[in-house]
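If you read the protein sequences in the order shown, they are chains A and B.
Position 569 of the first sequence, counted from 1, bears residue number 768 in my numbering, the numbering being contiguous throughout.
Position 306 of the second sequence, counted from 1, bears residue number 505 in my numbering, the numbering being contiguous throughout.
FYI, nobody ran anything at the bench for these hints, they're computed from the structure.
All of these numbers come straight from a predicted model, not from anything done at the bench.
It is possible that part of the hints are untrue.
[Stated by the list, open to error] Covered stretches of chain A, as calculated for chain B (at least 3 residues, CB under 8 Å):
#1 296-310
#2 344-355
#3 377-383
#4 438-444
#5 680-686
#6 752-766
#7 770-781
Beta carbons: idealized from backbone N, C-alpha and C, even for Gly.
There are 2 protein chains.
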Amino acid sequence: MATSEPRAAGGDQDPNSANLRPPTTTNEYAWMHGCTRKLGMKICGFLQKNNSLEEKGRLAGQKNLLSCDNSDRDARFRRTETDFSNLFARDLLPAKNGEEPTMQFLLEVVDILTNYVKKTFDRSTKVLDFHHPHQLLEGIEGFNLELSDQPESLEQILVDCRDTLKYGVRTGHPRFFNQLSSGLDIIGLAGEWLTSTANTNMFTYEIAPVFVLMEQLTLKKMREMIGWPNGEGDGLFSPGGAISNMYSVMIARYKYFPEVKTKGMSAAPRLVLFTSEHSHYSIKKAGAALGFGTDNVILLSTDERGRVIPADLEAKILDAKQKGYVPLFVNATAGSTVYGAFDPINEIADICEKYNLWLHVDGAWGGGLLMSRKHRHKLNGIERANSVTWNPHKMMGVPLQCSAILVREKGILAGCNSMCAGYLFQPDKQYDVTYDTGDKAIQCGRHVDIFKFWLMWKAKGTTGFEQHIDKCLDLSQYLYNKIKNREGYEMVFDGVPQHTNVCFWYIPPSLRGMPDGDERREKLHRVAPKIKAMMMESGTTMVGYQPQGNKVNFFRMVVSNPSATQSDIDFLIDEIERLGHDLTLNVSTAGKKRAMREPLEFLTSSGPHRLGVVN
Amino acid sequence: MATSEPRAAGGDQDPNSANLRPPTTTNEYAWMHGCTRKLGMKICGFLQKNNSLEEKGRLAGQKNLLSCDNSDRDARFRRTETDFSNLFARDLLPAKNGEEPTMQFLLEVVDILTNYVKKTFDRSTKVLDFHHPHQLLEGIEGFNLELSDQPESLEQILVDCRDTLKYGVRTGHPRFFNQLSSGLDIIGLAGEWLTSTANTNMFTYEIAPVFVLMEQLTLKKMREMIGWPNGEGDGLFSPGGAISNMYSVMIARYKYFPEVKTKGMSAAPRLVLFTSEHSHYSIKKAGAALGFGTDNVILLSTDERGRVIPADLEAKILDAKQKGYVPLFVNATAGSTVYGAFDPINEIADICEKYNLWLHVDGAWGGGLLMSRKHRHKLNGIERANSVTWNPHKMMGVPLQCSAILVREKGILAGCNSMCAGYLFQPDKQYDVTYDTGDKAIQCGRHVDIFKFWLMWKAKGTTGFEQHIDKCLDLSQYLYNKIKNREGYEMVFDGVPQHTNVCFWYIPPSLRGMPDGDERREKLHRVAPKIKAMMMESGTTMVGYQPQGNKVNFFRMVVSNPSATQSDIDFLIDEIERLGHDLTLNVSTAGKKRAMREPLEFLTSSGPHRLGVVN
């Protein structure tokens, strides 16, 4: 099928030659997603009527739209000539005679999705087709986001599906490097489609027997990877790393001050939590939400690579004790969000043991490295943690959402969160009700996040995850080696990155001779946002940036996407240079004045901005 | 296609005649999901070799397996003869030449899923094929849940997908009444498939432009439905009603004691929360998690229909104040979990205004009634609430998960939860960053829960949701009318239910003449669990039960599934009677002794078991 299709112009299989770059290769745009003959023509007609705006992109789109008319699928993909314009949601199952239109409709949707999948891996496709909020809200090209009282036809619904994908971001594209979660794993995708079709809930074995068992077995495997004896312990999949981290703080509090559950925080002394100034902001959010207060989340100093300095932890513990506070909890980050730093867990664990503190390891980003024999040493000591956050939806490429909170002590999750002991989840069922896990969670209903992950593990094996992780780390080292001494680049910290995070400034030629100082810093601060904006407008690639501590905006490159290759890394470098080469960055008069008066004040304070980028 | 297929034996379209009942109609079982020719034969072979166990069900399955060989799909569904036994995950995209196997594999998965969808709506299919945890863990019929180091072939992965569905529960089956969330909406399903394919995250406009806007517009529509002027306010989709309720407590605390965010609960006086004894247990969970303590969640008395007695609220507020506590927050439930009761919001709002308390309405279950002109009066006064929980994944049939927390005051979510003001979500982007909503949430990454709901709203219109809701309420009234005076039934409370919850005891003939007393109560307490267990073993239907207050176990029937009809209600009644007719319920000697000594002690205390069933 697709392999025998005429490929979209520019869709050369060699990634090096498939460099989508406006404006010279406009005709190579191939962002159109699958469309049926009828719908394609309809859209084409619309476009032809409206081609005054954004002419170039539109014409390119039109070309592809028209080509839908007589190509793009073989016999197996051809749908019957269903007229969806006269069909509505009410005609689908469970309607009488609803089976046929239901199957036709779902197949049409699948056609849209499989075309999207194909294009996602095609480097001649844009990563995104950027529009501002007001443009989308105005209903660009007839894409109307407003909801109404009356139903739309299924034809319109299919158009809406296409438009939704068209104006979205291809997070699985080989050149999408913007977040810690990227890639589009086909097995994971299939798993998620099945999960949606099963449409059930994790709270009881009764309605999710298979998924509940899969969760138990998978959590046990993860605990084995951590190194807890026989994989014993407890755990849950939660709706993301922030919630997993919140669980860790809750159970630490329950462990030491169980009466807080019934009496509230007034039953405990003034508790303090410790976490790195480079750690994820969710520890602070948990501190705020759970009633500790952010002032009682004490930030630890780090070395130049962003790793906690154990002596600073001990000093701050002693300081807190002296002030009458009670240290409760230490978070060690395994893979920080910006630098990808791994805190020295063993040294932190020694201190936690000495002072009897709960040790949590936030391995949301770095936990995946446990799957790699080559890299797992970076988490040495994790087996001494009381709890661990590990997000397979980050480094392991599992579709969103998939985050686990793992706990060494069995029963403490239920102790902390259960409300109704034996009565809530009826004890008089015919099966072993210890499999009803709902009361361990702070949620009631809980989405099935396990199946896609379980299925990927089955399909790839532990070794498959290992290869994926090793490859991503290799790629980031390739990037590091390539730019560390390259003209126009400055590394944010020295040495080979511990994770796939490579942090760097691009210095446009106009700044290269300039002496260090406020003006240069102010100008440099504006480079990454400007290049990023141009990237997004071009749709060629996406990479994150942020300031950190007293460092002005820099790029944070991360690789978790298995479809990325060295050629994509090369492309990224070329693209940054192409877009940034001519940046002049005139400092406005106001800016100049500010530069003299208050030199990037926010970058010199040690405030919460250190907690940086989202992920 | 499917309409012209020979239907599975017993698959009569008339729901009344399609009553799947063992043991007389064993041959009518048609639980086999779609299978390819090769795989089908392979499984059949396996079954033929192993048919000593569970002979009857196995043979029924085998019959259907064999029939896969020469039927069940027309040309459009026929896949090429891909040999998946030699293909692995590593052969799929992004592998070189991975496009063809990727498409073949995804189509094979879709075939499994569409067959599952078809069977789900077919009343000759079982609701579930029950097995105990130890049976599934032992690897029943070769279904091996264990994970290994080495990859499995795609053939095995497809078998695993089929098995996962086979041993699961069909929550979309017309006779699945077990949870507040049921049904399988085709548009919602398509929406969820697309969401998984897009695989992005709600935290920034940058990577979820369309979804972020859809969320904003949909939340605004929901606020309009609530009745807040111009739909102004704020909100978020959260991972379920429990988290939405937790948000409401957090923002109430922030509104009155913003310093708790930085200083912790020690900065506030001893705060108390009020909620009905019939309310969902998540308010108590929030109280525990957020540092209030469950003792400071004061339960309000209800009338015999489960509705809060406003005078009791006022009395308890005064009592708390007298004791030096500070009343903060009142939760009014709109549609309680067990009785479906609607608290009198206006009267509660009067009291909240009088004492300056935050009013939250937990409409997780009942919020959907706002879409119905006929039933929305039950939520009169909701426009006076400060915040509202509303789960479209319950009464509105949206696939799991889809829950909204809606807030009248704009900006308070961000005030409460943001950590990093301008620095976290970089302010120097090229677009209007007020669309970056991530910092309003307690999560960092946030799953895209909006699209399926938005798409359903587009496809059904507000009127479509209204029809769905009115139909479900009509059906439950049909059930109520049918059993209220029927021999062998006792209603748990008098009068037409406010929501679709119909709560009743089935009294087997052996208990009908028995005088009220501990022995009868003890026996009656065991009726619902026994019938439920038999239902699950038969796989014919599922309905929930629980005790409540001092009432022994009773059935809680709910209807939210649009595929249910009057015939399914009739079926349920018949099935309860069939399974329960001959129950003798001998009280064991030990039981008799206990009945004399401690008459169902747990049912006479007023403990947390009142918070009842999960949902």
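Verification of the supplied hints:
1. With 11 residues bearing a CB less than 8 Å from a CB of chain B, the stretch 296-310 of chain A meets the requirement of three and the coverage assertion stands.
2. Under the rule that three or more residues need a Cβ within less than 8 Å of chain B, the assignment of the stretch 344-355 of chain A holds, with 10 such residues.
3. By the rule of at least three residues with a Cβ nearer than 8 Å to a Cβ of chain B, the coverage given for the stretch 377-383 of chain A holds, with 4 such residues.
4. Counting residues of the stretch 438-444 of chain A whose beta-carbon sits less than 8 Å from any beta-carbon of chain B gives 5, enough to reach three: the coverage restraint holds.
5. Coverage of a stretch by a chain is defined here by at least three residues with a beta carbon nearer than 8 Å to that chain's beta carbons; for the stretch 680-686 of chain A and chain B the count is 0, and the condition is violated.
6. Residues of the stretch 752-766 of chain A lying with their CB closer than 8 Å to a CB of chain B number 3, which satisfies the three-residue condition for coverage.
7. Check result for the stretch 770-781 of chain A against chain B: violated, 0 residues qualifying (beta carbon to beta carbon below 8 Å, three or more required).
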